[in-house]
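Protein chains in written order, with the numbering used here: chain A, 1 to 425; chain B, 1 to 278.
The set of hints was computed from the structure by calculation and includes no laboratory data.
Watch out, some of these pointers could steer you wrong.
Said to hold, decoys possible - Computed list of lysine to aspartate or glutamate pairs in EDC-like fashion (alpha-carbon distance at most 20 Å, straight line):
1) A:K56 - B:D25
2) A:K14 - B:D276
3) B:K13 - A:E303
4) B:K46 - A:E135
5) A:K132 - B:E271
6) A:K234 - B:D276
7) A:K14 - A:D141
8) B:K42 - A:D154
9) A:K133 - B:D40
10) B:K13 - A:D141
11) A:K133 - B:E271
12) A:K139 - B:E31
13) A:K197 - A:D141
14) A:K201 - A:E135
15) B:K13 - A:E93
16) B:K13 - A:D57
17) A:K285 - A:E266
18) A:K133 - B:E31
19) A:K97 - B:D40
20) A:K132 - B:D25
21) A:K14 - B:E271
22) B:K46 - A:D154
23) B:K42 - A:D57
24) A:K158 - B:D40
What the hints assert, rightly or not - Chain B is faced by these chain A residues, among others (derived, beta-carbon under 7 Å):
25) E90
26) I320
27) P397
Where is the CB? At the ideal position from N, CA and C, for every residue including glycine.
This is what each chain is made of:
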Amino acid sequence: MGKTAIEVTNLGKKYAIGNSINAYRTLRETISEKISINKKQPQTSEVLPDYIWALKDVSFKVNKGEVLGIIGRNGAGKSTLLKILSRVTEPTEGSVKICGRVGSLLEVGTGFHPELTGGENIYLNGAILGMKKNEIESKFDEIVSFAEVERFIDTPVKRYSSGMYLRLAFAVAAHLEPEILVVDEVLAVGDAEFQRKCLGKMSDVAKQGRTVLFVSHNMSAVLRLTNKTLVIDKGNLLLQAPTTKAVDYYLSRGLTQEGQRTWQPEETDQKSHFAPVSIRVLDKKGYVLETVRSTESFFIEVEYLVRKPIKGLRVGIYLITSRGEFVFTSFDTDDPEKFESYAIRKAGLYHSRVKVPANILNGGRYLVGINASSYRIKTYFHDEQALAFNVDPSGAPGTQWPESRLGPIRPAFKWEIKKIKNANK
Amino acid sequence: MGKKDKDKRSIIKPSHGWAALNLRDLWLYRELIFFMTWRDLKVRYKQTLLGASWAILQPFLTMIVFSIFFGTLAKVPSDGVPYPIFSYTALIPWTLFSKALQDASRSLVANRHMITKVYFPRMILPLSSVMAGLVDFLIAFVVLLGMMWYYKISPTVNVWVLPLFLLLALITAVGVGLWLSALNVLFRDINYVLPFLTQFWMYLTPVAYPSSMIPTEWQVIYALNPMTGVVEGFRWALLGTGQPPGIMTLVSSIAAVVLLISGMFYFRRMERLFADMV
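I would like the entire structure built from these sequences, with the hints used as guidance.
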């Protein structure tokens, strides 16, 4: 304990963009490039390809036995960092000192061959991940039972359901015993039960005193598993702090993915009296968010164009869980007074915004649907999957127990506990 | 713990120019070579009608075509043994070599999902593609034994050196395979070059004709093609034709080793680009 497991110093990774990364080079190009450089020499600045720094000046230290979270939006450089740490790709500058064997779960099932059976793939995949044959042999049964595929172990994996495939793949990787484990988003897939199992396995690994680097979009998983977290954006390390602080910073800075959708004019019916323009999820301060916190109120805003006056128009939203259950439906003219005052919606550009109070939604992913209609007359626009966003339950009632709660809502109820009678001795 | 730590400490930093061969890593991952070879074998003839008979059919049918056109019609000399067995003896190491070339040069691109996700010495991929061809070679070799029995030719006393010539073929295949696979990551032209390359190379190798047809003053240059040494060696050890190993074999061996070592260094130099370029 206390010893450094990973020390990253001024790490940078440059990627060429444009021609040289997309198109494969052909010999002709290389030869003609060489020739043209030789002919016209003072041209270097133009010849240089465009590049971007996927990672720049990143430095941090991880102690042995520490579980470090890494958060940032897509394309922030998290995966590049993990790829460098697991030696898949080389950095352009800087260095990493690593003490111990690194096992990576950059993607589960790497090297799985569809024609081979489950058992054969365990050996193959294990060897690719760096396990020795006898190591795999000794863990074989454990892997099979963790993956719950006992009956199908002699079946080619191409006949597996995607769930079985994934469970098997994760099981192999999870039984690797490196001193440093690098995990990227594996938990984003699989059903809730399996996710729980994976998280359990990961915290076991951490408890055994091994170092874990954990990249995830799942804030509650990061909060549960890690004590320190890095926030990365556009290749830069923005913050390195205790996880609660880092998650707060990440969520409040609006570093999450855009929780917004816009419709191009050509996507909508040109003849309709109603056309959606955009829909977004906003926090209290008006920042567009993809992940909102369960403990804070937020807004859902629909912007739309009314081309010709519409009688009795109501614009509303559905909230639907990722499993397709409706949580609620609400219209902007639910209130009888509003219904009266907007009896006819005149032409113009509008927005209808609804405030969703704090402590309503449980953690998870939700879909927002739009319905614009006049009751019993016409539905002008209907889209049950207009936008998706996440709710992060950290800090919600009951999060002291690290388990996921059933049900789409997670209200903060007032409970009363009263002793009625002393126990009889 | 303390002693273990020392072994496992490593530093990741940008490398420049020529890299060390890092054979230690290759040794640590030796089991992966075995598993990848085994995977290639398991999968190779899945969903084919004829299965492993393809390993025999390819050289065998070529032998028949050669026997008709070169042996019977063009009357190419065959060092005093029946033409079919003369050409088949050369065709089995040649098939091993040309298939190894094909599989190895595509191995990196074909396994790009592994290269971009997990670290392991990349050299394992072309290596195991070459190894997988060995099983086909052995199957085809059994047929050769059958043919020798049919033509009543018994192997010479020199047959014990045959494994050395097989090794020479493997060294050549790995050497060229390393070059081509690394080049293929950067330049997909290799895919188009390959069919021509194998065809030309076969004409440069005494597969369909004996090397005694080459004028003596050219023979040393001719032997720069390591496959010349392999094919001549096979015929000498099994059929007793041609020259015993001499200057030509030496030249071929040196050429093969040069190919292997240069291939390994080039591969290692390019390896760092694979994950980003493949």
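Status of the hints after comparison with the structure:
no.	hint	verdict
1	A:K56 - B:D25	violated (29 Å)
2	A:K14 - B:D276	holds (11 Å)
3	B:K13 - A:E303	violated (50 Å)
4	B:K46 - A:E135	violated (29 Å)
5	A:K132 - B:E271	violated (24 Å)
6	A:K234 - B:D276	holds (19 Å)
7	A:K14 - A:D141	violated (43 Å)
8	B:K42 - A:D154	holds (14 Å)
9	A:K133 - B:D40	holds (18 Å)
10	B:K13 - A:D141	violated (39 Å)
11	A:K133 - B:E271	violated (26 Å)
12	A:K139 - B:E31	holds (17 Å)
13	A:K197 - A:D141	holds (17 Å)
14	A:K201 - A:E135	holds (18 Å)
15	B:K13 - A:E93	holds (7 Å)
16	B:K13 - A:D57	holds (13 Å)
17	A:K285 - A:E266	violated (32 Å)
18	A:K133 - B:E31	holds (7 Å)
19	A:K97 - B:D40	violated (36 Å)
20	A:K132 - B:D25	holds (13 Å)
21	A:K14 - B:E271	holds (17 Å)
22	B:K46 - A:D154	holds (16 Å)
23	B:K42 - A:D57	violated (46 Å)
24	A:K158 - B:D40	holds (17 Å)
25	E90	holds (5 Å)
26	I320	violated (34 Å)
27	P397	violated (40 Å)
The earlier numbered hints that this structure contradicts are 1, 3, 4, 5, 7, 10, 11, 17, 19, 23, 26, 27.
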